[in-house]
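*Asks:* Sequences and hints are given; from them, build the entire structure.
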Amino acid sequence: MSQGLRATEVDLGGLVTVLASHLYSTPLVALRELVQNGHDSLTRRRLEDPAHPGAGRITVRGDRARGTVSVEDDGAGLTEPEIHAYLATVGTGYTRLLREVTGSDELIGAFGLGFLSAFAVADEVTVTTTSHREPAAGHRYRSVGGERYEVAPVPPRAPGTLVELRLKAEHAHVADEDVLREVLTRYCVLLPVPVHLGDDPQPLNAVPVPWRLDPQPADPQQARTAFAARFGRRFEPLATLPVAPRGDSDAAGLLWVQDGSTYGTSDNRDLAVYLRGMLLSEDARDLLPRWAGFVGGVVESARLTPTASREDLQRDDHYRAVQAALADAVVDGLYETARLQPGAWRRILARHGQELLGAALCDDRLFTLLADDVPVPTSQGDLTAGALRAAGGGTVHVALGSSGGFEEMLYRAMQVPIARGDRYAVLPFLRRYGQLRGCRVVELGSEDGNRALFRDPDRPLAADEAAWLSAALADDGEQLVPVRFAPAELPLVLVPDREAELKQRIEDDRADARIPGAALRLARAFTARTDGGVTARLHLNLDSPAVRSLLDAYRAGHPGTATAAGLLRSMKVVMAAASGEGRGDLTGALAALGDAVAALTAPAPTAPAAAPAVATTATATDHGEDTV
0 MSQGLRATEV DLGGLVTVLA SHLYSTPLVA LRELVQNGHD SLTRRRLEDP
50 AHPGAGRITV RGDRARGTVS VEDDGAGLTE PEIHAYLATV GTGYTRLLRE
100 VTGSDELIGA FGLGFLSAFA VADEVTVTTT SHREPAAGHR YRSVGGERYE
150 VAPVPPRAPG TLVELRLKAE HAHVADEDVL REVLTRYCVL LPVPVHLGDD
200 PQPLNAVPVP WRLDPQPADP QQARTAFAAR FGRRFEPLAT LPVAPRGDSD
250 AAGLLWVQDG STYGTSDNRD LAVYLRGMLL SEDARDLLPR WAGFVGGVVE
300 SARLTPTASR EDLQRDDHYR AVQAALADAV VDGLYETARL QPGAWRRILA
350 RHGQELLGAA LCDDRLFTLL ADDVPVPTSQ GDLTAGALRA AGGGTVHVAL
400 GSSGGFEEML YRAMQVPIAR GDRYAVLPFL RRYGQLRGCR VVELGSEDGN
450 RALFRDPDRP LAADEAAWLS AALADDGEQL VPVRFAPAEL PLVLVPDREA
500 ELKQRIEDDR ADARIPGAAL RLARAFTART DGGVTARLHL NLDSPAVRSL
550 LDAYRAGHPG TATAAGLLRS MKVVMAAASG EGRGDLTGAL AALGDAVAAL
600 TAPAPTAPAA APAVATTATA TDHGEDTV
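Numbering (numbering that gives the first Met the number 0), first residue to last: 0 to 627.
Where hints are given, some of them may not hold.
[To be verified] Quick list of simulated restraints, FRET-style, between CB atoms:
1) G144 / D48: 32 to 40 Å
2) R439 / D463: 37 to 45 Å
3) L339 / R439: 32 to 40 Å
4) P459 / G385: 34 to 42 Å
[Claimed, not checked] Straight line, CA to CA, 20 Å or less: simulated EDC-like cross-link-like pairs of lysine to aspartate or glutamate:
5) K167 / D199
6) K167 / D198
7) K167 / D62
8) K167 / D177
9) K167 / E146
Hints in this document: simulated from the structure, not taken from any laboratory.
The structure presented is a predicted model; accordingly, all values stated were derived computationally and were not measured.
From the three backbone atoms N, C-alpha and C, an ideal C-beta is built for every residue, glycine too.
*Replies:* Structure representation (structure tokens):
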């Protein structure tokens, strides 16, 4: 049976503890909240009392000996009813009401919770205030712990408010002037009202803000660079990228390209967000594009919505609008840098070429900008895609394997650079470049790439010739493939069968432990088309003078045929080792080379030579010249 509606009970002590001590990530946020309240008090007075001549100021003092910190403003002040209604009532703030009435975007407060943060660092909080509406009456609020408070009349002072904190023992260091300077500089540097530390006549926030300067300086780029150098916490800025309101975004600020090496998926995004001039988040990197790992910056907005702790942002429509605006600002800024600052643009490409390869794939405009400029890692160092294309005679060559391999040896002989397809974003970037520029991209190591590289011979070998060459040159698991390729001076190339290699790895007894089940099933389905019997293909270049001479000698029954074949067989093993494939007995091949040289330089035999014997191993010439 229903007992009717009942009021929710609130444990005020527990609520104050949670809000004061656990709502914020650091107790130092209390300083931010008190300065923010001072800012809103100054804004309120200007809105309610337009005749007031002063712009107002906020003064923060620390007394290490007494263990106190005070924050004073000459703003609107509070009447006694306002102390009870707003200062001592959780969740109610005059700022929110004033914003609703005036529509002002200058006010910062929103939730009526900030004052409670004072109890995170202080045992006792005292507020002495005089309202500009009642300049003849002064009031003092005092609370220990935040659960109970008292308000007493005091002699009036000039309109404004003085908040004094008696710090907890564990937070006594906050009263140190150096600590106050560091914290206030971080939080308040963009506040539009001056914030002073003690009696220092120079405000802590006397920093020229480039997007607020009116009129603009004669050299706006210099002003932006100076600002970026001050705020770039980890890396020196290479170039600045202005942010201006656009579309549904009101964000204004400055981004910059950082002079810090990045590669691929490294993420050095560094963005500070200020809400109406007060620092909200030092790490708002998610507002920047995921591909912009080389960008830092500072932006401010009046429309972004903070969480209750004011240390993060609500992911709402305004948030998404700012995200889109910042992505546009990065791309537009890079375009302007490339157009107007060629020196800076070259430094950006040198520092961030690898990451820009991936970034270009995420944004069509960025790809158009970078297609012919961004460096690509190749066998001959970093080259642009255009340089790769020119060196390849209109074709871009990409090796799918790791650095080294037969492709690098082959193309080094041709003096044609090949791109490192195993490096971050290189292969998809060059595929897209080929589509954009209408050029051919040969992917070495793929079936199609190898077909483009190794052409069919003018005429097939006779069956006996093919059988003899296979026996003389190929080892177990190697298939002889007569082809033509450039350069003609290279007689043969051993190409591992990548599918057979994969099959061997996944059929390893330990594969089940290393590879997830689903991936293992897919890999086995992929390699089912090969039995693994052919582990490599020995492409024999029929355009090679050396191969043609070997065939002529075989056809003529020359006595040195087996020795020459042994030389080529040893050369195959040495080349495989040099290319990083590591196939065959390198020591045996080197010994066979020595034996072949010795046989070829030995005195000519006196007996007539018989038909050539068949070389069957890598050391066919171990016992000198073969004769029958």
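*Asks:* Which of the numbered hints above does this structure break?
*Replies:* Violated hints (numbers, rising): 5 and 6; every other hint is consistent with the structure.
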